[in-house]
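Enquirer: Chain by chain, the residues run as shown.
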Amino acid sequence: MDTTIRICQFFHIDTKNGPNRRYQNYFIGESKSFDSNSYDFAPFQVQGGIANLNGDNEQVQVLFPATQYAIRLVEEGDGNRLSRLTIYTRYVTSSGTIMEKTGYDNYLVGIGATFSEDTIELRFRSALDGVTPNLPANRLSEANAGILPLDSQIRLA
Amino acid sequence: MARSFPNFVPSSRKFDMGDYPVKAYRSLSGAIVRRVFGNKQFGYTLDLEFKNIGDTDELKQHSGNVVDIVDHYNDADGTVESFQLNDRTFDGMSAQLQARTQTPHSKITWRYAEPPKITSVHPGISTVSVKLVGELDF
Chain Z
1 MDTTIRICQF FHIDTKNGPN RRYQNYFIGE SKSFDSNSYD FAPFQVQGGI
51 ANLNGDNEQV QVLFPATQYA IRLVEEGDGN RLSRLTIYTR YVTSSGTIME
101 KTGYDNYLVG IGATFSEDTI ELRFRSALDG VTPNLPANRL SEANAGILPL
151 DSQIRLA
Chain Y
1001 MARSFPNFVP SSRKFDMGDY PVKAYRSLSG AIVRRVFGNK QFGYTLDLEF
1051 KNIGDTDELK QHSGNVVDIV DHYNDADGTV ESFQLNDRTF DGMSAQLQAR
1101 TQTPHSKITW RYAEPPKITS VHPGISTVSV KLVGELDF
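Residue numbers (the numbering used here), protein chains in the order written: chain Z, 1 to 157; chain Y, 1001 to 1138.
Same shape as in the complex, but just chain Z:
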């Protein structure tokens, strides 16, 4: 039994001082049309959490090799502190067709960047996340639950 998947990520960033930039990481050396826009190839990878129930704005890192355009992305985004990023994740068929509505759309806000000798890491946080896991923050009280025990042994019937 064998399953093969092909996934392309489309990277659309609005930097603070520069124009929009669009990249994709699957079709090597090609420009691909997606969502009525053209995405050039860039060898980036995305890693990190996307969302959780705690509403603590999960971090996502986008890794680029330290090339000229990656450095420009950092400079135009004022150290990637004021950029807005959308990442579209889409499945691709073996013939190279991008399948619409097959993945996530993630909206992220830049929070900084890190340089190393061979990579540039752009760091983002989710722009919108769950507020808290227990919203609305109701509190158990005698009024809604009756007489409460003094320890944590509560059994929900």
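Derived from the structure by calculation, the hints contain no laboratory data.
Here are the computed lysine to any residue pairs in the SDA-like style, where the Cα-Cα straight-line distance is at most 20 Å:
{"id": "1", "chain 1": "Y", "residue 1": "1023", "chain 2": "Z", "residue 2": "92"}
{"id": "2", "chain 1": "Y", "residue 1": "1107", "chain 2": "Z", "residue 2": "65"}
{"id": "3", "chain 1": "Y", "residue 1": "1040", "chain 2": "Z", "residue 2": "91"}
{"id": "4", "chain 1": "Y", "residue 1": "1107", "chain 2": "Z", "residue 2": "28"}
{"id": "5", "chain 1": "Z", "residue 1": "16", "chain 2": "Z", "residue 2": "82"}
{"id": "6", "chain 1": "Y", "residue 1": "1023", "chain 2": "Z", "residue 2": "93"}
{"id": "7", "chain 1": "Y", "residue 1": "1014", "chain 2": "Y", "residue 2": "1094"}
{"id": "8", "chain 1": "Z", "residue 1": "32", "chain 2": "Y", "residue 2": "1138"}
{"id": "9", "chain 1": "Z", "residue 1": "101", "chain 2": "Z", "residue 2": "36"}
{"id": "10", "chain 1": "Y", "residue 1": "1023", "chain 2": "Z", "residue 2": "28"}
{"id": "11", "chain 1": "Y", "residue 1": "1023", "chain 2": "Z", "residue 2": "9"}
{"id": "12", "chain 1": "Y", "residue 1": "1051", "chain 2": "Y", "residue 2": "1070"}
Fit chain Y to the given chain Z structure using the hints.
Expert: Here is chain Y on its own, set in the frame of chain Z:
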């Protein structure tokens, strides 16, 4: 990009095709999932041997000489710069096969995988081994 590899006929040649960037996850059940990360092959390798060639002069037509190979390695800044291959590198291979093996798409360029190895076999005569790797440039 550096100048093309010297147009010499190698004594022997070993060519390995590239592969697609793929990672496989095999579960305990044995089922396997492969994720493909790109749409082009990479990592072609080409091992060339120039046996018993002159250090400075060609002993036979197109057999090459060691100095030209070393000069090319230096001009390519060692393993840094990429370059193209000439037809004689694939001498003896049928045109149909060559069309399927040599740089199947234009994004592949060649680099030295390691410095050339030179073995002296006789005064003024050496054997040179060259390992090249074909990688994706974009």
